[in-house]
Structures are given as C-alpha cells and as structure tokens.
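Enquirer: So you can see what is in the structure, the chains are spelled out below.
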Amino acid sequence: MKTWFKSGSPWIWMTAGTVSVALIAVLGLIALIAWRGLSFFWPAAIHEFHFSDQERQVLIGEIYDREQIPVTRLVDAGVDISHIDGEFVTRYLVKVGNREFVPLDFTWILEPDIVRQETPKDLVMLERARNGNFYGYLEDVLENGQTVVQDPAAIRSVLRERMRRALQLRDEGLSIQRGPIASINYQLEQLRLDRRRLELRGEYSDEAEAELQRQEELLREEYRAVEQELFAIRADMERDQVVMRDMRGERVTFSMSLVLDATWANDMNLLQKWGYFFKQIGKFVTEDPRESNTEGGVFPAIFGTVFMVLLMSVIVTPFGVIAAIYLHEYAGKNNITRMIRIAVINLAGVPSIVYGVFGLGFFVYMVGGTLDQIFYPESLPNPTFGTPGVLWSALTLAILTLPVVIVSTEEGLSRIPSTVREGSLALGATKAETIWRIILPMASPAIMTGLILAVARAAGEVAPLMLVGVVKSAPTLPVDGNFPFFHLDRKFMHLGFHIYDVGFQSPNVEAARPLVYATSLLLITVIVGLNLTAIGVRNRLREKFRSLEH
Amino acid sequence: MAGSQTASNFSAGKLRLIKDRAARFGVTLGGGMVLIALLLIFFYLLYVVLPIFRPASITPLESYALPSQGTTTVALGMEARAEVGYRLTAEGDIEFFNLRTLDQDRQAGQVLKSERVSAETVTAFARSHQGNGDYVYAVAGGRVLIMRPDYRITYPNDVRLVEPEIRYPYGQTPLQLDPEGRDIRKLAFERDGDTLMLAALLADDTLMVARLVGRQNMLTRAFQWSTQRGVVNWRNGAQSARIEQLLLTPNLRQLFVQSAGTQQRVHVIDTRDVQNPVLQQTIPFASQLGRISAMTLLAGHSSLMVGHQSGHISQWFEVSSDGHREYVNVRNFNAGTAVEQLIPEQYRRSFYALTAAGDVAVFHTTSSRHLFQGQPGGLQLSHAVVGPRANHMLAQQGEELHVLTLRNEHPEVSWHGLWGQIWYENYDEPSYTWQSTSGSDDFEPKFSLVPISFGTIKAAFYAMLIAVPIGLAAAVYTAYFMTPSLRKVVKPTIEIMEALPTVILGFLAGLWLAPLVESHLPGFITFLLLLPLTIILAAFLWHLLPENIRNYVTDARAAMLLIPVVIFVGWLSFSLSPLIELMFFGGDMRDYLTNTLGINFDQRNALVVGIAMGFAVIPTIFSIAEDAVFSVPKHLSNGSLALGATEWQTLTRVVLLTASPGIFSAVMMGLGRAVGETMIVLMATGNTPIMDWNIFEGMRTLSANIAVEMPESEVGSTHYRILFLAAFVLFIFTFAFNTVAEFVRQRLRDKYSSL
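Going down the list, the protein sequences come from chains W and G. To convert, note that position 547 of the first sequence is 547 in the UniProt record's numbering; the numbers rise steadily by one, no gaps. To convert, note that position 591 of the second sequence is 591 in the UniProt record's numbering; the numbers rise steadily by one, no gaps.
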C-alpha cells in the first residue's frame, strides 16, 4: 500500500479524474440542454388528476417537473400531512394553463392527494395568441353564435377547418400590416423629415409645402383604403368561435381568431408525435415571439443575430487578414511588431463588457452623434445613428473578434512552406503579387477558419451588445422593403440576449423556461457546429501542407 | 520596335513596383490599426474618465450696477436656466433683471420688474430652502409676509421667454405670528405643502416656534389657519448667551439655535410637538475656532454646516448611537479666513463659502474635496447665490452685481471617495458603499468602487478555486499520460467549452444549478468529499487487478475508466442528499445554515458562480497549460525516466518545473477571463454590492455593475463617467494579466528553442 502511494499512481489517477470531471461537465451540459430543449417540442401528455378535496376536484395539465421532498419541509410550510406515510413525498409541478381563468398557471400537487390520474384521448391543448395554452375538452364550434357541428364525431375536423380559415385571415391581416401599412407610415415619416430638412436649409416655401401636403394626402387616402381592408379581415376573423369545457367543468367560449393550433396529444401515435415535433421546431424558428417573448418563435432573434454577424464579418475580415499578413510577411523583428503582438493578445483578453462601454461611448455617442449632426439634422432631437443600433454592434464585435481572425490567419500563413514564397519571388513576382496570387489563396482555408471562429464568438457574445444595440423586442427587422432596404441604424434582437431577457427579465419565468432551453439549444447547435466546422477545415489544411512539405 | 517593348516592359515593371510599394504601405498601416485600436480604447476610456478629477472653476461673465443703489441686499436668486435674476433688499423691495445677455433686446442687468413687497418697516427676514423658494419679511407688530418670486415661461417664435412675477401664496396682508404683537428680531421659516413653521426671536428675547396649518377655502381661495405656538427654553444654563441665528429643517422637525455667550453653541430643538419644544442636544464649539459666522443645511437637509471666524467649517449630521440620535461632527473643512456666508447647492453635496478675505472656496462633503479657492477674476465677493443647475453664480461686490460661470461638474468623486471608507449621511459609521441612484433628486450618491471590486475578486477567487485544480490537473494528464489517440479527441472536446456562450452558462447557473444546489446542498458537499476518495479507491482496486488486465487498461486510459465512477459518485451523493439532510440538518440544510449557524444563504451565491465561471475558465487554463506541458522536450523526461525516476517523479520534478512559466501564464489568462466575465455573474448572483467572503452569499462585480447600470445612466454625468472608470479598471487589470502572461510565454518559448 505504501509503495503504491509512493509510486505516484494514485496521483496520476487523481489527474485522470479531473479529465473525467471536465469531460462529464461538457458532455453533460450539452446533453442537458439538448434534452430539455428538444423535449420542449415533443407533445407532452395531458393529464387529468382527480382529488378527494372539496375545493379542487379535477386538475388538467402537463406535468412539468417532479421532485422528492422530505415531509418535514411540508410540515414547516403548514401543509396537512395526516394522510401521508413515510419520510419523503413526491410532488408534481403541473402546468394548468388557462391563464385568464385560474390564479396561477403553474401549481404543485402532492402525489398522495391524487385519487385517480388518467390521460383521456379527448383532452385537447389549444395554443392561443393570447393568455398562453388552454387545456380542456372541445365542446362545440360556432359560426355567428350558431353551432356548425352536425356530427359530434367530426368535431375535430370542423375545428381544424375553421382554425385554418382563421389562420389564413390572420396571415392576410399581418401581411397588410407589415406590407402596405408599414410602408405608408414609413413614407409619411420621410415626408415629415423632408419638410424639416427644407426648413433647416431655408428652402421651405409655400409651393414646397403644397407639394408635401399633396403627397401626404395621397398617402393618407391610400392608408384609409388599406385600413378598411384590414378592418374587414379582422371582423371576418371574429366570425367563428370555439366552445371548450375546462377543468372546473365550465363552458368557455372564445374567438377562433385566438386559436393558433389544437393538439390532442393523448390521441397521437408515434408517427404523429414525430410530425408534431418537427412542425413545432419549424414554427419555433420561423415565427415571431408572442406574450412578451415567452411564447411563439424566435425568428426575429435569429434574423438579427445572423444579420449582425454577417455585417461584422464584412468589417472584420479585411482588417484581420491585413493585420495577419503584416505580422507574418512584412513585420521585422522590432519593438513596433512586439507591441502589435501584445496589442493582439490584449484585444483578445480585454473583457467583452469593456468593448461594450467603448462602443457605447465612442461609436454611439461620439461617432453616431456627429453623423447625426452632419447627415440627419432634420430628425434631431431624435437620434438616427446617435443611438445603439445594429451597425454599432457589428463594429464593436468586429474589434472584439479581430484577434481571432488575426491569430487563425497567421497560423495558416505560418503553415505555408517558405519554399513556396521563395519560388514565387525567384520567378520574378513582387512580394505583393506573391501574397495576392500564391499565399492568400493557399491561406484561404485558414482565413475561413478564423472567420468561422469569429462568427461563433460573436453569435454568443451578449454583454457588449446589451449596451450597443440589442433590444428585447424590435418592432421592425433591420432589413425591409423600404428604401434603402438595409437599416443599419435600427436596433435588433439577438438569440443570446433573448435567453437572458426571457430567462431573467420576464414576468413568468416558469412558463418561459422551456423556451429558453430551446433557444439555448439552437444557439449552442449553431456555435458548436461552427466550431467543429472550423476545426475540420483547420485539420484538412494541416494535412494538405504536411503533404506539401515532403 | 524592341525599344518600345522594353519601354512598355519597363513601365509595366514600374507599375508593379508601385503596386508593391502601395501594398507594403497599406498592409503596414493595416497592421498598425490593431495597435491603434487598442490605444484608441485606452485613450477614449481615459478621455471620458478624466473630467471627474478636474477641479472647479469660476470665471466672471457679466457685471452691472445694482438696480437700486444704496440699498442693502438680503437675498439674491435666479431662475432655473439662469436667464433672469432677482434681488431682495432689506427695505422690502424685489428687483428682477436679466441675468445674462441673451440677445440684443435682452441685455444683462436690464431691470424687468421692480416692486415694493412690504410698505412697512421690515424687522427681520428669512427664507426657506431653495427647493421651495419662499421668502418671509417680518414687519412690526409680530407679523410676517410670505412671498415667492415666480416666472411665467412662454415660447413665442420658439424663443424661451421668461416673465417674472411675484406671488403671495398666502395673501398680501401679513399673517399675525405673535398674538401679543411683539416685534420679531430674528426669524427662521420653512414650509411643507401648506404647513408653515416659523421660529422667531421676539423683542423681549422670547424664542417662539409656531406651526400654521393652512386650509384653503375652495370658493374664496382664502386660507384658514390653525396655529400652534410654543416657547423654546434653549438656554440650558447659558444665561448670558444671545441668539445669533435660527435655522429650521424642511421636514419641520428640528430647529437649530446658534447662540454666542461665553461659548459658541448650537442648540438642537425637537419641534415635532410645537407646543412643548424639547432641547434635544447642545453642541459646544471650542473657543479657538472663533465666533460662528455662518450656518446652513446642505442639500438633502440632513447635514448642518457651521462656519467659523477662523475659516473652519464643520459638517454635522445625526447618527444613532445607543438607541438615540445625536448630531456628530463628521468632517471639517478650512476656507482660510473667516467664513462670511455658506451657500449650499440645491441638489448636490457641494457648498460654497465666501470669506472675509473675499475668497470663494468650493467644497464637496462626501468626497471631502476642496475644489476651488480664490478670487475669481480678482473680485472680492460679498453676497452670492448659486443657480439650481450649479452652472452660474450671482454675486455682489460693493454696488455691483457679478454673474460668474461656474464649472463644477463632478465634485462627487475623489480618489479617497472611490477607494476609501466614507461616512455617508444617515449612516452610523463610515462604510464602503455603492449606491448610485435613488428616487429623489437630492440623494447623496455613494460611489465606492470597493464593494464591486471586492465582488469581482470574490467571484474570480471562487472560480479559480475550481478551475485551477481541475484545469491544470486535466492539462497535465492529457499532455503527459494520455494516449495520443485519446488526446486527439479529449483536447478539442474540452476546448469546445470555451466556445460555449457564457449567456448559456449563466442561464443554466441561475435557473438550473442554483435551485439544484439549494435543494441538494448536502449532496454537493458529499460529492466534493467523496470524489477524491472514490478515485483513489478505484485506483487501488485497479492496482490489485492481475497484471495482464492492467497492461491492457493502462494508466493512460484511466480517464475513460473513471467516467462511470464519477457519474456513480455523483448519482450516489445526490440520491443520498435528502437522507443526509434529514439525518443531520433537520430536513432542511438551508434553514439549518441560516437559523442554527447564522450563515446567510442566497439562492444565487458565490458557490454557483464559482462552479459556472470555473467551468468557463477551465478551457482557457487547460488549453494553454496543456500546450506548455506537451511542448516540454521529450528527451528531458526520457532522461529522467532512464535514471530510474517514476513517472510521477519525472512529472513533478522535471516536466512541471520546465513548464511552470507556461502554467503560470495559463493561470494568469484564466484569471483575466474570470475578472472580466459578465453574463455568468449577472445571471447567477443577486447582484447585491455586499462585502462578505461567505460562499453562500452573492456579490456584484465591476462588469455586472456596468451591464446593469450603464443603460440607465445619463450621458456625461458623474455616474456615467464612474462606470467608464470601472471599465477602465477592468481594462488595466486584464491588460496587466495578459501582458505578464504573454511575456512569460515568450520567455518559455525562447528557453525551449535553446533546449
């Protein structure tokens, strides 16, 4: 035993243990997020619990969580435990939905209280545009207050058909709101700014005013027509109603325009469940958020993240590559080079929040404020570029990710054998030509790697963005159909910030938690995917040059 | 023919040469951009931060003759934007004039309105605090007249026009303060809504306090007053003393009576029960300080400032000790020569002292800063007032009025104020406090960077406590013991952790780990204790295995072997957790900690942050340390092994020593990352700026503080600049760590290349 200890073998095993811990931590974390995130899309069984209690006899909902707690904790909380045996008790967290009818849409129940628990096939979960999910039994479908269900057996298909109609109208309404109405509002705002611009330049005259008013009147006219159309669609949406019976046994009627989807989760076979699963994933990535981000999809956040990251790539790539070329091809062994190297290391090490502070002060207030005074005096005091926006976010993150691109590109450059350079120079090419024609094409996978890593870093960075342009809910995307199409001054939504905002700032964290896991899964998939791609590209590059060397 | 070709070749060659030069220049410039970017960040942060340490300046702007010569000024004042000023005289006149020249029609000093407020002889005069802006003239027969200068502001043609007017909120006929009609010799006044409080020294030396509660008749708009009066017995043994000055607090609860006799004293009178005012405290002043020559309340009305003939100025506020509250001398200032007038600012804790030598001295109490001293423009000012926005000063010199521009933007900050212990108003003792904002305008901001720097260090400490052992040990094993094929998989897997967005780690820490730690605290602790024991046990069991199996599954594969062991230990301790809790901690460990051990427990605490941030730092440390260990030349370790050392001996005596600079650099880099990390701390702690090493309590770090407060701070304000300072501190911290780490790494590289 003593000799065994002396051999150092236990210590080797200890170090091995830390590797296992680290591995378990990484894989466990990814597995946890994947499991929780994916189960958000899987159709959960809807349970009906029966109690012996007088005040609540039936509870309908999804089981959200279960845990074992010591009975003593219940005693401390003042719960009557006369009917409970043993020292531990299982309790369930049940999502009961029906937010407007019950005080809390989540409730804890104790297992011993349950008399009977079943999953009736008729239980339906309605996804609604307001107030979250509704759980209950489908009773009737109405048109203008009259029932349209002739055959009770076909009630589900009637509901689906009416729902489809309402959804179609809803889409039409939305496209009018986002298309013509948004465009008219934008043009009206432009006219207001035109007038102000004329005033500032001293070119304002009665003729100009008459022309502006004529255009405004035209736009208003158009607006009224579109508005009529929209109102007609909205009125049409209210035609149908759905009648439900909830867990209190009461009949509840609400408009079909609120119903987005109906799911009989207990009456699905495996194939249907998978179908539902993929449909939900599709909806998650393509739909807009609802109910202050706690429901619906994350499309604007995906769009904002991608747009910002692309913008950043456009900025960071040339600078990063040029700096790397300088460091590897041109720089002599002098103090300036050494200082630049230290600058690169430090740019990589400076906390991201410091970049946020710098971006806010320098880009937003100083550069943006100056731009506003020069180019957009007509909209002052409302800032155009003098306020956080997507351009400033991209610029800030470009500085933040600059070292990533530099380091990766430089590594690629150093892998190119010097014989290649010498060969090119010997054939009479200038240094610039050698770099442009020979070195850069060979280093392009390395540049690609750097760019991918930079994108992965930028996509996950939140702290600086909180200061320079990200918002919890942006009314418009940074790209739309109004000239000049790319609106770099707009604020945007971001997946990482979405996680922070929904997980920590939303009023109903419990309800939003699965959505946060799903968003995290999406983000992690993108980032880990990007990183693996970068590693793959890098390894291929290494193999390629290894063969070149021999 | 040939010649022209040569020429074209030559010109093409020249063009190529020019292109080459241009490329060289452009690339060099591009490379320099990196350095410029870093310098830009550094200097921009500095540029925003520096103004907070700038002293105040006072420069003359305008001067003009008094509107009415030969009269005595009792008060000066100005409108919020310092466009119109006014002067009240002892004769009972008010004069409004243009304070500054705004345009051709509005010249400085031009009298806008002049009116006699009181036709009768004025016996005393008093004013309320600046926020109310009331003035009171006492006239013969123990009566008082309350008036208020007011402005009607209009915007004809988008030009701000201020039209002064005089308001008598309680009528133009004086109110009868003393029913017996004695003349008032000295007066103090404050108003809270329509409740007035007056303290008056009457002709027969009686000190009377009176509270008048007014109720307005809705129809006639006349006031009906219910009045309570009381006589103050302030002497407390000082029979020969006489009253010099009276001062009321705006909350109508206290009266300060300054008396001069054999000794200089300030008596604090509790006036909550007006009919029976109580002497609460008597503050004696040392005689070498000289006569008390000025007394005022600071903004916020908690601090009493007392100025002396010797130039000594002392600050006093109430501190509770042994269950009762008492005025305590908190700090002192010195204006050089006799203090003639003390002028507080309306919102901040700055004050201005005019001295007998004609100097203006500017101080700030919280930061103990002496911001200015001297005679601006050579003027010897006597009577002065500071505008509500503290950017203009109106003062009198002889028969002239002077308007001075005041630049005193960031008096709240001093080196001592940021890093030292400060005694704040309403605090019982000096403390390190960060509290930047509050609901009220005249709140005393508390900008101590100590608690948030402490939080940063605490968070980094617990993170490093977890990350350094795991990161380094894992690096050593991976680089030195692991089979190359396994290493190829393990290294990128651990390194991918670095790419995980910290917002996800923070979210998991706050919403998954924190509740888990809270409910399974005993399990966590058991896991930490059990894990090393089990690993050693596993190693021993493996050691007992027959040789041929051991040769197949070598040390090099131990990490894989241990994965199920670690998972099992984790599962075991967590499932045992409720049982342990029940057996040792009465079913609820959290409750036990709080009630039995007296340790505070926050759900989002340093333990959670340590684990989550440790997790984020592990890959940084692992990656650099692994490279360092791996690049130790093989002939060194082979030599050691050949001389008979065991693997472990070789590792500790040869490999680690050689790689130590790299390991040091890894730890530094990790520390740099832990110090600056924002999202994890923001989400996994309660963000309360407390100073306590307790692992079960939260903290607020510099970075989280910036993220929380930056969006709501006003651009250019002191708060904004201090947040920039916090960013600057972070920048310098990490700059130091990274630069040192880089230098060490460079040295290491040079050393290996020689080996």
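Derived from the structure by calculation, the hints contain no laboratory data. Treat the hints with care, as some may be off.
[What the hints assert, rightly or not] Each computed DSBU-like pair below joins lysine-lysine, with the alpha-carbon atoms no more than 35 Å apart:
hint : chain 1 : residue 1 : chain 2 : residue 2
1    : G       : Lys186    : W       : Lys2
2    : W       : Lys472    : W       : Lys279
3    : G       : Lys751    : W       : Lys431
4    : G       : Lys113    : G       : Lys14
5    : G       : Lys491    : G       : Lys751
6    : W       : Lys544    : G       : Lys634
7    : G       : Lys634    : W       : Lys6
8    : W       : Lys6      : G       : Lys19
9    : W       : Lys544    : G       : Lys491
10   : G       : Lys19     : W       : Lys544
11   : G       : Lys491    : G       : Lys634
12   : W       : Lys333    : G       : Lys14
13   : W       : Lys544    : G       : Lys186
14   : G       : Lys14     : W       : Lys6
15   : W       : Lys6      : G       : Lys491
16   : W       : Lys121    : W       : Lys2
17   : W       : Lys283    : W       : Lys273
18   : W       : Lys121    : W       : Lys279
Enquirer: Of the hints stated earlier, which fail here?
Expert: Going through the list in order, the structure violates hints 1, 4, 8, 13, 14 and 16 and respects the others.
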